[in-house]
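Given only the sequences and the hints, what does the whole structure look like? Please build it.
Line order of the protein sequences matches chains A and B. Numbered according to this note's numbering, the first sequence spans residues 15 to 137. Numbered according to this note's numbering, the second sequence spans residues 18 to 375.
Fair warning: there could be bad hints in the mix.
[Stated by the list, open to error] Derived lysine to aspartate or glutamate pairs resembling EDC-like cross-links, with alpha carbons at most 16 Å apart:
(1) B:K211 / B:D98
(2) B:K329 / B:E307
(3) B:K301 / B:D71
(4) B:K299 / B:D71
(5) B:K299 / B:E97
(6) A:K16 / B:E278
(7) A:K43 / B:E156
(8) B:K299 / A:E98
(9) B:K257 / B:E278
(10) B:K299 / B:D98
(11) A:K43 / B:D153
(12) B:K214 / B:D71
[As the list claims (entries may be wrong)] The following residues of chain B were derived to be distant from chain A, with all beta-carbon distances above 10 Å:
(13) Q28
(14) D44
(15) A50
(16) L54
(17) E62
(18) M73
(19) K211
(20) E222
(21) H225
(22) G228
(23) G286
(24) D289
(25) K301
(26) E305
(27) R310
Keep in mind that the hints were calculated from the coordinates and are not lab data. A virtual CB, placed ideally from N, CA and C, is assigned to each residue, including glycine.
Chain residues, written in single-letter form:
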Amino acid sequence: MKLPRLIPNALRSLFRRPTTRRYPAEVRKPYAGSRGEIVNDASACILCGLCARRCPTSCIEVDKHLCLWVHDPFACVLCGWCAEVCPTDSLTQTEQRPTPRTVRQRTELHPTPPQRPAKPKDA
Amino acid sequence: MGRTVIPFGPQHPVLPEPIHLTLTLEDDIIVEALPRLGYIHRGLELLARKRTPDQMVQVVERVCGICSMMHGMCFCQALEDIHGITPPPRAQWLRVFWAEVHRLHSHLLWLGLFADALGFENLFMQFWRVRERIMDIQEATSGNRVVVSVSVIGGVRRDLNPDQMLWCRTELAGVRDEVHRLGKAMLGDYSIAKRTKGIGVLTPERAHALGTVGPTLRGSGVAHDIRMLDQEIYGAMEFKPCVENDGDSWARLTVRIRETEQSVDLALGTLDRLPQGEIAVKPKGQAEGEAVRRVEQPRGEALYFVKADGGKLLDRVRIRTPTFANIPALLDLLPGHSLADAPVLVMTIDPCISCTER
Ligand code: SF4
Ligand code: SF4
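Put into structure tokens, the structure is as follows:
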């Protein structure tokens, strides 16, 4: 009974494009606003530590004295809060998903802490 | 007659999650089922003593992957009660939109897994293909495919622009057509009917006495849904819970298929009625007080108890998840059925073990 309905379906499926993508070879463009990798621009970071305090997984460490900003991408859940609270917008969340890696490595940056504002010349 | 004891799980092909049942059999019939839980206990409730309330939102969202939106939403609502603030209307409607999309994605996942438990591989793939569209909606609107993470205390983090709303509408309409077609295929299948009709009957009285929640309870003919209490949003959309009266596996399956279609309508309804305005208000000061909140998750009613003592951290967060409430019903269902029915019966309560063990 179902056979007559089955045959056209099977034929259609035979010539249809596959639903899936050949993933590592073919990657879909991420949607705008997708939550991807966390990137810090060391030249703009002032080592204020707000990102480390907001991070729910404690995967950011900031040490003002050692001028060290460390991010553990393997503990990061890509929630994007650190980028939202960063006052200088040096920390941003890209749209690209992190790529698989074979070694577990933390991102260590050495931003320069802000200098005291120089005295105005005419004073 | 001699008895045989068979361990079911914690690693079992039908369930990706670790639940262990010790099944005592007489011949081929189960006479007793005893659960053992705690394989993936993570101690998330205790983290409340180490993380600020803001950070806890991200933590409770990870109690469960497939109902993360509702966990975060319920926790935020509890804290809003403590703070005494009300999120703006647009934020409330947006939360409902994401919650319904989330329910869709969870139900489609379950429908696929259920088809898989019955050995219907093709239908499994089809449901998951549709689910992919829902996850695309989630990614396009919230940024993440599964853990949408849009709730904050006082509102939501993301807004929808008109383009996105238009695109969501067409996608959701497409999903409704496909779910309707697949649901018809599932309910019209001879073997599925044979394996589910009249199996695992839970009477309304028994379901009520065991404290069952969610589609398991509604499959037994009890119209109980926390969404009915929300007059402002669900009331405006004339929400009626889906109820089936048979109480067997078939009824629970039908309830979920109907709820999937209903969720599409509700999500579309929120898009139609979305008010304009702000999407978040800022809570002021430290929280002090207690609050209890309930929310209807895809698996049933979840309960949050939050206690804050005015300090930086919360005092206590207690989460009662729906699967926890449904396990007694499962243990009641299993005796009297053959061992071959056990995987299907376990699937019909839609167990989410990582929820249960938090
Ligand atoms: S990344 Fe931003 S928030 Fe983090 S320490 Fe640097 S400036 Fe502060
Ligand atoms: S995205 Fe979230 S988890 Fe990752 S570093 Fe930022 S705050 Fe932490």
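Against the structure, the hints:
| no. | hint | result |
| --- | --- | --- |
| 1 | B:K211 / B:D98 | 48 Å, violated |
| 2 | B:K329 / B:E307 | 15 Å, holds |
| 3 | B:K301 / B:D71 | 13 Å, holds |
| 4 | B:K299 / B:D71 | 11 Å, holds |
| 5 | B:K299 / B:E97 | 10 Å, holds |
| 6 | A:K16 / B:E278 | 26 Å, violated |
| 7 | A:K43 / B:E156 | 12 Å, holds |
| 8 | B:K299 / A:E98 | 15 Å, holds |
| 9 | B:K257 / B:E278 | 13 Å, holds |
| 10 | B:K299 / B:D98 | 13 Å, holds |
| 11 | A:K43 / B:D153 | 12 Å, holds |
| 12 | B:K214 / B:D71 | 47 Å, violated |
| 13 | Q28 | 25 Å, holds |
| 14 | D44 | 36 Å, holds |
| 15 | A50 | 36 Å, holds |
| 16 | L54 | 25 Å, holds |
| 17 | E62 | 15 Å, holds |
| 18 | M73 | 8 Å, violated |
| 19 | K211 | 16 Å, holds |
| 20 | E222 | 40 Å, holds |
| 21 | H225 | 38 Å, holds |
| 22 | G228 | 32 Å, holds |
| 23 | G286 | 24 Å, holds |
| 24 | D289 | 23 Å, holds |
| 25 | K301 | 18 Å, holds |
| 26 | E305 | 22 Å, holds |
| 27 | R310 | 20 Å, holds |
In summary, the numbered hints that this structure violates are 1, 6, 12, 18.
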